[in-house]
Each structure stands twice: as C-alpha cells, then as structure tokens.
Amino acid sequence: MNKSVCIIPTSTTNQTHKRGLKMNLSFSEEDLKFQQEVRSFIKENYPSDIKEKMDTGIPTTKEDIVTWQKILSEKGWFAINWPEEHGGTGWSVTQKFIFQNELAEANTPNIVPFGVSMCGPVIYTFGNEEQKEKFLPDIRDNNVWWCQGYSEPGSGSDLASLKTKAEKKGDKYIVNGSKTWTTLAQNADWIFCLVRTDSSGVKQQGISFLLIDMKTPGVEVQPIITIDGSHEVNSVFFDNVEVPAENLIGEEGAGWNIAKFLLAHERTGIGGIPHLKREIRRLRDITEELPLNEGFLKDDSLFMDKLNKIEIDLVSAEYTELRTLAAMSAGGHPGPESSILKIGGTDIQQSLSELFVEALGYYAHPFMSESDLLSNEKRIGPDFAATVMPHYLNYRKVSIYGGSNEVQRNVIAKAVLGL
Amino acid sequence: MDFLLSDEQKQLQDLIQQFIQKDYPFDVREKLVKSEDGFSKEFWKTFSTFGLLAMPFPEEDGGYNGGPVDIMVILEAFGTGLIVEPYIPNIVLSGNLISNLGTQDQKDAILPNLFSGDMHLAFAFAEPQSRFDLNDVTTSAEEDGDNFKINGYKSVVMNGPAADKLIVSVRTSGNQLDKSGISLFIVDRDTSGVSLRDYSNIDGSKASELTLENVVLSKDAMLGEEGNAFSSIEHVVNLATLAISAEAIGIMQKMNELTLEYTKTREQFGQALSQFQALQHRMVDCFMVHEQTKSLLLMAATKLNDQAEDAVKSISALKYQVGNAAKLIGEESIQLHGGMGVTEEMSIGHYFKRLTTIRTIFGNSDYHLKKYSSL
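Heads up: the protein sequence lines correspond to chains A and B, in order.
Mapped onto numbering that gives the first Met the number 0, the consecutive letters of the first sequence carry residue numbers 0 to 418.
Mapped onto numbering that gives the first Met the number 0, the consecutive letters of the second sequence carry residue numbers 0 to 374.
Take the hints with a grain of salt, since some may be wrong.
List time: in silico SDA-like cross-link candidates among lysine to any residue, alpha-carbon distance up to 25 Å [what the hints assert, rightly or not]:
no. : chain 1 : residue 1 : chain 2 : residue 2
1   : A       : K308      : B       : E330
2   : A       : K297      : B       : E308
3   : A       : K308      : B       : N363
4   : B       : K218      : B       : L176
These are computed hints drawn from the structure, not numbers from a lab.
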C-alpha cells in the first residue's frame with residue numbers, strides 16, 4: 000500500500016514505546032531514587048512508639064500527631080503543595096504521588112488537613128502580606144493547630160444559610176453564634192470561620208472569612224460523642240467574642256468565594272486513596288489468617304468477590320485521581336473527572352470498612368473503650384478486631400461531611416452537566 | 000507518569016470524529032446495517048487511506064508501528080459514531096495473529112491485502128460449549144500424511160459473512176480443556192467441506208456459524224507452531240478486549256450526551272425532565288461511572304503497551320467494570336428516554352443494543368471477575 004496517503008507520521012524508534020506514545024505509568028530512575036529517599040527517611044525518623052500505636056489501633060494523642068508532623072516540617076516535607084516561596088517543595092505530581100503513598104505504606108498518622116491544606120492555601124491566596132507573615136510559618140512548622148468553623152446547627156448541607164454573626168465595632172468584630180461538627184477543636188489553637196457580616200442581600204454575599212484565636216474570652220468548646228464512642232467532633236460557641244478586624248481574610252463579603260476556592264483546592268486527595276490501598280492489602284492478609292471451617296476466610300468465594308470488586312473500584316479511583324493530577328500539572332485545570340473523586344473515594348471507604356466488619360463475624364461486636372485499648376489487657380478476638388466496628392460506624396460520616404454526597408451530585412449536575 | 004495523548008493520537012481522534020460528523024450520521028449507518036454486506040466496503044477503504052487498517056502493525060510488516068494506545072484511540076472514537084465496520088475481527092484479532100505468527104509467505108499473501116482493505120478476515124475461536132474459555136476446543140485436526148483433516152463447529156464467528164479467509168482454532172492433541180495442543184489454521188472460505196451460515200446480530204454486526212466437515216488442508220495452512228497457539232490466541236483476545244472496552248466507553252459517552260440533551264428538551268409537569276433532581280442524580284451517576292471506567296481503560300492500555308506484569312489482570316479489571324458500567328448507563332439511558340427509548344426510530348436504542356452485546360463479547364463481568372481473582 001501507499002504509505003504516503005497516511006496523515007500520521009511514523010517513527011522508527013524502539014518497539015515498546017510506540018508511535019509518539021506519551022502515556023507512561025512507570026517511574027523514572029530519578030523518581031525511584033526519590034521513593035527510596037522518602038522510604039529511608041520514614042524508616043529512620045518515624046518514632047517507634049507512635050508506629051506501635053498506629054499498628055495496634057491505639058488512639059494517637061495530640062502530642063503524637065504534632066511530634067510526627069513536626070518531623071516532616073523540619074525536613075521541609077510538610078507543606079508539600081504550597082508555593083516554594085512559602086516553604087513548599089516544588090515537587091512534581093509524580094513525586095507527590097510517591098510521597099503520599101510512602102506515608103500511607105508506613106502507616107503514619109494522617110496529616111491533619113485544617114491548617115496545612117485548608118487555611119494555609121486560603122491565606123497565601125487571599126491574605127495580605129502581614130497575614131501571610133503572621134500565620135503561614137506557624138502552620139508550616141506545626142506550631143499552631145487549626146480547626147474549621149463552617150457547619151452550624153441550622154446549616155448543614157445548606158452551608159450558605161449560616162447565621163454566626165460578626166458585627167464590626169471600630170477595629171473589632173463582635174462574634175456571636177455557634178459552629179458544629181468541628182473536628183478536633185479540643186486540640187485547636189485557632190479556628191477559621193465563615194461568619195455573616197451582612198444579612199440584607201443574597202445569602203451567599205454577606206459571608207466573610209475570619210480567623211479567631213480559640214483562647215479569646217467567649218469561645219467555648221463542647222464535645223460531641225459519636226456512635227463509635229469517640230470524641231472527634233465538637234460544638235464551638237461564640238458569646239460576644241472580640242476579634243481584631245485585621246483577622247479578616249480578603250474583603251468583607253468575600254467569604255463564599257473563598258469557601259468555594261477551598262472546596263476546589265481540596266477535591267483531590269479527599270478520597271484517601273493511598274491509605275485505602277494499604278487497608279485493602281491488610282484485609283487480604285487477614286483473609287489468609289482468619290479461620291473458617293477447616294480452612295480460612297479466603298476460601299469463601301463470595302467474600303473474596305466483594306473484596307476484589309472493591310479493589311477494582313479503588314484502582315479506578317486511583318487512576319481517576321492521577322488523570323486529574325496529570326491534567327493539572329500539564330497546566331490545565333482539573334477536568335470534570337475531579338468532581339467525582341469525593342463521591343467515588345468515600346463510597347470505597349465505606350464499603351471497605353463494612354467488609355472488615357463482615358470478615359470478623361461475631362468478633363466485630365465486643366466493644367472496647369479508649370481506656371480499654373490503652374490498658375495492657377488482652378484484646379478480645381483477633382488483635383485487629385477492636386477498632387473495626389467503631390471504624391465502620393465512624394465512617395458513615397464520610398458521605399455526609401465535606402458537602403454530602405447528594406450535594407456533590409447537585410454540584411456535578413450544575414457545574415458539569417450544565418443543569 | 001503521563002496520561003495524556005500525544006499530538007499524533009489527538010490528530011487520529013479528530014480525523015475519525017470528522018469522518019463521523021461528515022460521512023457517518025445515524026441514518027447512513029442505518030442504511031449500511033440493512034444493506035447486504037451490513038457495512039460499507041467503501042468506508043473500509045477510506046479507513047485504509049486514513050492509515051487505520053495498518054496502524055497496529057510493525058513497520059517490517061508494512062504497518063505504522065502503533066500499539067494498544069492507538070487501538071484504544073481508534074475504537075473509542077468508533078464507539079461514539081457506532082461504526083459497524085468490522086475493525087476488531089479483521090485487524091485486532093486476525094491481522095495480529097498473522098503478523099505475530101505468520102511465515103513470510105503467509106504475511107505476504109495476506110497483510111498487504113488486509114491493509115489496503117481488499118481482503119477480509121475472521122477469527123473462529125468460540126464453540127457452543129466454550130463460552131469465553133479460549134482453551135475449550137473440540138474442533139479437531141488429524142494428521143493425514145502431508146495434510147490435516149479438520150472436523151468441528153465454530154459459533155458466532157464475527158465478520159464471518161465478509162471473510163475471504165478464516166483463522167480457525169483446532170485441537171491437534173490433548174483433551175478438550177488443555178491449553179497445549181491447540182493450533183491455528185488459515186482456511187479459505189471456498190475450501191471443500193467448509194460451510195458458513197451467515198446472519199445478522201442484534202447490534203447490526205454480521206456473524207456466521209461455521210461447520211468444518213472433513214476439510215483437508217496442507218501443512219502450509221497452519222499458522223504458527225503446532226500445538227502452541229494458546230498464548231498467541233490469548234494475547235490477541237486481550238488486545239481485542241481492550242479494543243472493545245474502548246468502543247464501549249465511546250458508546251457510553253455518546254449515550255450520556257444523548258440522554259442529557261433529551262432530558263433538556265422533553266417537558267413533563269410543566270418543566271424539562273432535566274430539572275427533576277431524581278433524574279439529575281441518576282445522570283450524574285452515569286457520568287461518574289463513565290469517567291471511572293475510562294480511567295481503567297487508560298490504565299489497561301498503558302499497561303498492555305508497557306508489557307507490565309499485571310497487564311492481563313488489568314484487562315480483566317477493565318472488562319469487569321465495562322460490563323457493570325454498560326448495564327447501568329445502557330439501561331438508565333433507555334429509562335430516561337421513556338417510551339421513545341424503546342423505539343427503532345431513535346439512535347439511543349441502537350447504541351444500547353451494541354453496548355449490550357459488548358457486555359458479553361470476550362467475557363462478561365462474572366467471567367472477568369473470576370479471572371481477576373485467579374490472577
């Protein structure tokens with residue numbers, strides 16, 4: 000045939016990388032070296048007492064988390080996504096992917112996102128020079144613990160209906176109202192809040208973004224105990240709290256836009272995929288050890304089918320996230336596929352947590368309180384059993400928080416399908 | 000890591016999209032499906048001039064050195080236009096078998112004609128009892144002096160009606176399910192003892208039932224080594240599974256677009272269907288499933304290209320998910336079209352029919368979940 004009619008040029012280079020192929024999943028030699036560097040750093044610096052707690056399901060304390068995060072800070076590996084001028088790493092997408100996977104592989108405590116992934120990016124994007132100087136170093140170095148003041152008792156999925164009021168009096172705002180579901184507020188030094196500075200117009204327009212020191216008189220934290228028996232979330236009350244006006248980020252009334260920016264910024268990574276990869280492997284190991292009749296759980300093909308289905312969903316979620324990251328690193332915006340990461344990731348988190356419960360049978364039922372877990376008493380049933388049911392119960396939250404999955408569908412319908 | 004198409008691959012995509020827009024609207028496709036051949040031999044030649052027919056073959060065979068990613072790009076674009084021309088049976092299955100296993104004489108006799116669009120091929124691998132198991136072969140070839148005598152039956156041979164030559168998997172030794180002892184023969188359509196019953200499938204494609212009764216073939220007709228064909232068969236079927244998954248993903252994208260458009264125009268209870276939240280969330284689910292399945296497609300294509308260790312496993316993950324996604328998107332699209340969805344008049348039903356047959360071709364979700372679990 001006459002090749003000249005073909006519009007596609009041919010190349011004569013090697014066989015495995017055909018015809019100008021760009022897609023490539025393998026790591027470069029440099030990436031592999033980086034992976035090795037991360038791996039040995041974690042091996043040498045991850046404190047053994049924290050590791051033991053993580054591996055045996057004993058709850059970590061504030062001190063444990065801060066200790067670990069400070070180790071990363073000192074290495075310059077904490078605010079990895081920040082611009083380099085503020086202490087970011089300047090890593091490629093692949094390097095960030097490797098780093099997250101290695102942290103999850105080693106079962107290190109999850110990074111608490113409120114400061115480094117949420118408040119930090121807001122400050123370096125919308126804050127003024129004084130604010131950047133005042134707040135960013137302490138976030139990067141883990142000197143300050145932040146929490147997030149978004150939801151209110153009357154404003155769940157309908158976040159824009161929030162009522163916590165900030166009235167300007169001279170060079171201060173007087174804040175009154177309450178926030179709820181505030182994760183780890185009991186540990187927090189500061190809270191970033193969406194507050195209402197104007198009730199006259201469209202509800203989205205009167206919202207502002209305000210930073211509040213938790214030690215200010217009139218701030219009160221009350222624990223909310225969740226169905227897994229843990230104290231993770233709180234109510235935060237504000238009674239005539241005086242906040243310096245210089246703590247306002249951006250213009251008055253710009254809070255809703257900042258909130259939307261934060262949401263978009265946080266889309267990737269929310270599914271916790273590296274951690275799930277490790278968990279699914281752990282469950283696979285468990286099926287080879289848990290007795291069933293004369294054999295092991297792995298002989299139950301219906302159970303294994305469910306495990307394999309979740310694994311395939313996870314691979315699909317992982318590559319969807321990688322596609323998003325690749326598009327972003329090529330200079331593009333996250334494509335429509337990014338909006339599905341939250342729903343997809345949380346679906347998998349929930350199904351996997353349920354499958355752990357199923358794996359245990361009756362031994363999912365004995366309840367151990369935090370103090371039981373901390374004591375040296377022998378565990379009931381398999382070693383890993385105590386945290387399984389609480390984890391399942393706790394994870395009902397993931398399809399509710401960060402904008403419920405129903406609200407996420409509304410967002411996709413509007414923003415992606417144009418409805 | 001990189002997930003983006005090269006400029007050349009984007010050009011290829013655009014070329015096919017333009018062809019669909021200009022030359023392959025739905026009514027043209029419908030006429031072709033109802034014609035005697037069931038597709039257009041003229042368009043097939045057009046594909047030759049585009050370079051599509053020689054794309055996935057090495058240069059020494061006269062090809063363009065394309066790989067799995069190019070096949071993916073072509074078939075995904077084909078899916079959006081519901082192109083019925085038999086690319087997978089001709090090029091991906093048969094052409095690759097000839098290219099991978101053929102002697103120089105066999106290649107010279109076949110490949111230039113295949114690439115120019117003058118010769119059609121079909122690969123007869125399935126038997127009534129075999130379902131998706133490529134190693135389940137009862138059609139037998141007995142050595143008879145310098146010749147082989149073949150007896151047996153092959154079912155639903157894709158592109159059988161157009162095929163000038165058929166590649167047939169036969170058992171030259173061993174038991175029904177043995178992986179060794181399987182061989183391939185190239186059989187001319189008009190060989191004595193070969194009979195084909197040609198028919199149309201529900202999706203508009205054409206196929207044949209093939210009976211082989213005392214068909215005498217010389218040793219020259221054997222493709223590849225005697226008794227060692229299984230891994231080569233598995234290899235091209237893996238590639239074809241990737242290809243048909245790409246086609247499915249193109250179809251799903253189009254079905255989602257058609258459904259979204261339809262719900263925006265159809266009014267009930269005084270508003271467009273698209274304004275009902277119950278329907279919006281279902282369309283969002285269809286959108287998500289398409290994107291998630293596409294991620295698996297990109298992964299599997301790249302792994303196959305890199306000859307990664309887990310390439311075959313990733314193909315099974317893909318086809319398992321394609322089966323599930325095809326059910327969801329196919330059935331939801333029809334439901335959201337209401338009564339119009341079940342009429343021959345609208346294209347949506349025709350996309351649905353092809354998508355539904357793809358769920359089965361090269362193994363359904365259950366088959367691939369089992370295979371995934373075993374790997």
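Consistency of the hints with the structure:
About 21 Å separates the Cα atoms of A/K308 and B/E330, which keeps this hinted pair within 25 Å; it holds. About 24 Å separates the Cα atoms of A/K297 and B/E308, which keeps this hinted pair within 25 Å; it holds. Restraint check for A/K308 and B/N363: the C-alpha separation of about 14 Å stays at or below 25 Å, so the hint holds. Note on B/K218 and B/L176: the hinted pairing holds, with a Cα-Cα distance of about 24 Å set against a maximum of 25 Å.
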